[in-house]
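Visitor: In the order they appear, the protein sequences are chains Z and X.
Terminal number for the first sequence in UniProt numbering: 382, no gaps in between.
Terminal number for the second sequence in UniProt numbering: 289, no gaps in between.
Be a bit skeptical, because a hint or two may be false.
To be verified - Lysine-lysine pairs mimicking BS3-like chemistry, simulated, CA-CA at most 25 Å apart:
1. Z:K87 <-> X:K43
2. Z:K236 <-> X:K243
3. Z:K87 <-> Z:K55
4. X:K43 <-> Z:K81
What the hints assert, rightly or not - Some chain X residues judged to face chain Z by a derived CB distance under 10 Å, without partners named:
5. R59
6. A63
7. E98
Just so you know, the hints here were simulated from the structure itself, not pulled from any lab data.
For each residue, glycine too, the CB sits at the ideal point set by N, CA and C.
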Amino acid sequence: MKLHEHQAKQIFADAGIPVPESRLASSVSEVLDAVDEIGFPAAIKAQVHVGGRGKAGGIKIAGDREEAETYAEEILGMDLKGYTVEKVLVEAGVDFVDELYVGVTMDRGEGRPVAMVSTEGGVDIEQVAEETPEAIAREHVDPSFGMQPYQARKAVYDADVPREFARDVSGILSTLYDLFDERDASEIEVNPVMITSDDEVVAADAVMNIDEDALFRQPELAELEDEAYEDDLERKAGEYDLDYVRLSGNVGIIGNGAGLVMTTLDLVDYYGGEPANFLDIGGGAKAERVRNALDLVFSDPNVESVVFNIFGGITRGDEVARGINEALSAFETVPKPVVVRLAGTNAEEGMEILDTDLVDVEPTLEEAVQRAIANTEEVTEE
Amino acid sequence: MSIFVDDDTRVVVQGITGGEGRFHAEQMIDYGTNVVAGAVPGKGGESVQDVPVYDTVDRAVEAEDANASVVFVPPAFAADAIFEALDTDLDLVVAITEGIPTQDMARVKKRLSEVDTRLIGPNCPGIITPGEAKLGILPGNIFAAGNVGLVSRSGTLTYQVVDNLTQRGIGQTTAVGIGGDPIIGTSFVDALEAFEDDTGTDAVVMCGEIGGEDEERAASFISEYMDTPVAGFIAGRTAPPGKRMGHAGAIVSGSGTGTAESKIEALNEAGVPVGDTPEEVADHVENFF
């Protein structure tokens, strides 16, 4: 789960990391009130979950009130990589002489957190990591003891941060690590940390992503989730507690288990079709869950045909079949053709129950996928 | 032969009185696994299917001489359950639980480096040596004893590929689902190494997916150390970057690492034929013999 910059900055500020003065605004008049309080120059920054906001025109620096008004009108309501900007952060402009990168993430290969510092701040750090990895100082942290002060110092000196700022920057890194640990972050970074012309060190940006599996013990963070930026169908999937990702094709896909569902998507693509979604009903799904899954996929207007691929382990074929029957018999005519492939636990019982007036049945994954693709072609021809 | 589990494996089921634990303990027993004890705090003295339940793993291990455990404990308490198991010198711990916070697993991983226990999972279907023992939730009836090893990050994909093999009369030595999370106990390399050393395994199937670099590491290991032929499958070719595809670990990062393409390329370079479909994986295995 991603936090917005203003949310992350509030958390950073509360933890003692210096951030520029700022106000959140959702209208032009609120932006003007904010600049009246903060003064100029002022940065107006779109609060949306996309990378590269600056390059896409989502961040502008206003030098006076007139510019602030123009930029506020431009940015509020603009479409930024598919997301509408509803809020901006109005922030005191910082006169900087240097930009650094400071961050903590989980190194999955090593199985432990890694703290990073680089003097190549203010740019795409992933590009730096790829092209000049030596420009990023890294310290792996033993998660059972947390980051020790010497490790923060070491990272800062290894990165060749100007000596007079070493203490401030290592302080920021230590605080970021503590937040990473206490708040179950999967990623936390400040890019850039600015060194100002007044020799101050401030966090000019803030990224904080939270491990969704840990939200049960981070209730106040869970409340910060911004559903305005979710696709309607993805939000509905959240209500049904289904693992769902919307894609751009026309073949709706429902299956059990992430690997098998991904494989079903890949096969749809392989046989010349286009997957409309990823939908995993998970392990042990009961009839109701199956009904919800079908409801969700049917409500995507792009879907022209649906393939159901179940290989039961925990999941029982008879439960799935019952769910499919119940969901489909509620319609006078089934809205979109459904192909079912049922294997594994209680598959035979499921096949007996399954109402073949409502669905087509195919014995193998390959045949089911090809039939579903053929069904979209029939729809198109009609 | 087999890897990690066999006839002699004596299992404690952690969480045996819960819905999942009870159901799958029964399934494991029906399959012929030596389930010797359950461990659930506060339920000591009870029994499930004639299997005695103890309050702690320690007591279960001591009383029943167990050497492995299977964890069916909800995510909030699962890391604690794994720590408890690791503290009793078991040979093997299999964690089925899905959704354990990553930072909990980082701490478990640290502890794991200090003990001699092997951890499989979490977020995995478990491990099965057909005809001998199954630890986990895999449907036993689709497996057949034979000479092909299988290691996979995904449960249901394992079933699919095993089904394709078994239907053609190709049986398995051991099939192990290592789990779909970012931090797991047993890696592809660990399993491949064990299969390479197993005299009964004549070929291996490796099913990977997008996210991380475990498959790439496995590819280097195969080209450097393995004589046993390996066939592969990689799920998630059509996954868009930045989206979590069900598994916590199945996410293509923005910088382009962890894609299906990079994994398939690495495997091909290591001499591993990668199937476009599960059916094709079985074709490749058949060609090995």
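Visitor: None of the hints should be skipped; say for each whether it holds.
Guide: Taking the hints in turn, this is what the structure says about them:
Proposed proximity of K87 of chain Z and K43 of chain X is contradicted: the alpha carbons are some 53 Å apart, above 25 Å. About 17 Å separates the Cα atoms of K236 of chain Z and K243 of chain X, which keeps this hinted pair within 25 Å; it holds. The hinted pair formed by K87 of chain Z and K55 of chain Z meets the criterion: a straight-line CA distance of about 18 Å does not exceed 25 Å. Simply put, K43 of chain X and K81 of chain Z have alpha-carbon atoms about 54 Å apart, too far for the 25 Å limit, and the pair is violated.
Look at R59 of chain X: its Cβ only gets to about 26 Å from chain Z, farther than 10 Å, so that hint breaks. Look at A63 of chain X: its Cβ only gets to about 29 Å from chain Z, farther than 10 Å, so that hint breaks. Interface hint at E98 of chain X: satisfied, since its Cβ lies 8 Å from the closest Cβ of chain Z, which is below the 10 Å cut-off.
Against the hints set out earlier in the document, violations occur for numbers 1, 4, 5, 6.
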